[in-house]
Amino acid sequence: MTDGAQDMGGVKGFGPVEPEPNEPVFHREWERRAFALTLAMGKPGGWNLDMSRSARENRPNNEYLSMSYYQIWLAGLETLMKEGNLISEDEIEAQQSLYPPKSLPVLSSADVEKTLHQRGPTERIVRAPARFKPGDRVRMRTINPPTHTRLPRYVCGHTAVVERVIGYHVFPDSNAIDKGEDPQWLYTVVFDGRELWGPAAQAGTKVSIDAWEPYMETI
Amino acid sequence: MAGDDHHNHHHDHNHSELSETQLRVRALETVLTEKGYVDPAALDLLIETYEKKVGPRNGARVVARAWVDQAYRARLLKDATPAIAEVGYAGRQGEHIVALENTPKLHNIVVCTLCSCYPWPVLGLPPVWYKSAPYRSRAVADPRGVLGDFGVTLPADTEIRIWDSTAEIRYLVLPMRPADTDGWSEERLAELVTRDSMIGTGLPKEPKDLK
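Protein chains in written order, with our numbering: chain A, -1 to 217; chain B, 21 to 231.
These are computed hints drawn from the structure, not numbers from a lab.
Here the structure is a predicted model, which means the values were calculated and not measured.
Just to be clear, a hint being listed does not mean it is correct.
What the hints assert, rightly or not - 35 Å max Cα-Cα, derived DSBU-like pairs, lysine-lysine:
no. : chain 1 : residue 1 : chain 2 : residue 2
1   : A       : 112       : B       : 55
2   : B       : 55        : A       : 100
3   : A       : 41        : B       : 55
4   : B       : 225       : B       : 72
5   : A       : 41        : B       : 98
Unchecked claim - Facing chain A, according to a computed beta carbon distance under 10 Å, are these residues of chain B, among others:
no. : residue
6   : 53
7   : 67
8   : 71
9   : 154
10  : 222
Glycine is no exception: its CB is placed at the ideal position from the N, C-alpha and C atoms.
Put together the whole structure using the sequences plus the hints.
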């Protein structure tokens, strides 16, 4: 959804960035396990990346903002597993399986390397001509879907120049809600800083997003 | 974000909450293993892969090669995914990689304002700050301020370009080769390439920074 807590570009008041010197990959043992469980459950779960993202961000703002990164991953994973009837709250509380398992494909340790190296490209066979070309001036639509989108709020209504036609890619707005991949043309579009942030914007600053054609309109 | 461990783990009030999470993860793993949905050995291997094998040293090798080999640099800038595969790196969250060339006139910075998109095969898993609200909110609006948080100041006339990774394209910054490194080997140059220099929030080390 646009405007959810995850849609952070340009929001003020979060304070300075705090880099951590010599940061470890994981800070706690449970983070390791939560990360691995999330990756491993992709196979039996059968959900796609857009569904995973949608499940992570689709929670009340105060929750999203007060949870750590892997707590959000965990919550997203639980949502997807419960929706798919793979696990239930009483089983988590009992710390044991209470209902017979489904027969599902499982990621074995022998398959890990192959699976990680397997690419999951999102480019698809072109089925329609691209509406825009490099150099075209476009305006980003103002949309407010209640479901998943990858159009950030801070660009809505703003004008940009098409820099690159990337290709014909799976459309997350559709794929996240199980309505099919519905591939669309994807572009890199560039905004001048002043267009987004007004005259006080830092001079010589440009911002780009990768935008699917349904996010864009001609001026 | 506010709940990030490294901000909070000194505060006692968070300890009970964290152990709650810890218990929940343990319960999940137990139930899922009992049901046969996960293989604990596969979990160990996934963790080992991203903790020990896949990380910013991969990207550093790619950058160093581009610094010494002009033909490779051209291939990397034209189509980074196959060029990176030449060095041996490919896979999840690296299906469509684009390399961004820093020049004296242009500095590139990568962010994902909507979540945490990051080129795993070349940089590994993102650091906490990359996934945090301060970085995700400010990088697009106040890039010079963010660079300042990293102790980086760029000349006033350098154009800054922020790439918000809103789709499945993953961006890798190709930083400028530091001065006084003529004749250096690829291996030695790779030691100058920092993770942050490949995100755009840092610059490569200089020869004097190496002992």
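Handout entry: Minimum beta-carbon distance criterion (10 Å), residue 53(B) to chain A
Key = This hint holds: residue 53(B) lies near chain A, its Cβ roughly 9 Å from the closest one there, short of 10 Å.
Practice task
Report holds or violated for the interface hint on residue 222(B), using the least CB-CB distance to chain A and a cut-off of 10 Å.
Solution key: Holds: closest Cβ of chain A sits about 9 Å from residue 222(B), inside 10 Å.
Problem - Agreement of residue 55(B) and residue 100(A) with the hint, judged by alpha carbon distance not exceeding 35 Å - result: 8 Å, holds
Handout entry: Interface restraint verdict for residue 154(B) against chain A (beta-carbon cut-off 10 Å)
Key = At 4 Å from the nearest chain A Cβ, residue 154(B) passes the 10 Å test, so the hint holds.
Problem - 35 Å limit on alpha-carbon distance, applied to hinted pair residue 41(A) and residue 55(B) - result: 14 Å, holds
Problem - Hint check, residue 67(B) versus chain A [nearest Cβ-Cβ separation less than 10 Å] - result: This hint holds: residue 67(B) lies near chain A, its Cβ roughly 5 Å from the closest one there, short of 10 Å.
Exercise for the section: Sort out whether residue 72(B) lies within 35 Å of residue 225(B), counting only the CA atoms. Expected result: 23 Å, holds
Problem - Interface hint status, residue 71(B) versus chain A (Cβ within 10 Å) - result: 5 Å, holds
Exercise for the section: Sort out whether residue 98(B) lies within 35 Å of residue 41(A), counting only the CA atoms. Expected result: Answer holds: residue 41(A) to residue 98(B) is near 33 Å, not above 35 Å.
Handout entry: Restraint check for residue 112(A) with residue 55(B), where alpha carbons must lie at most 35 Å apart
Key = Distance of about 24 Å is within 35 Å: holds.
Hint compliance for this structure: every hint is met.
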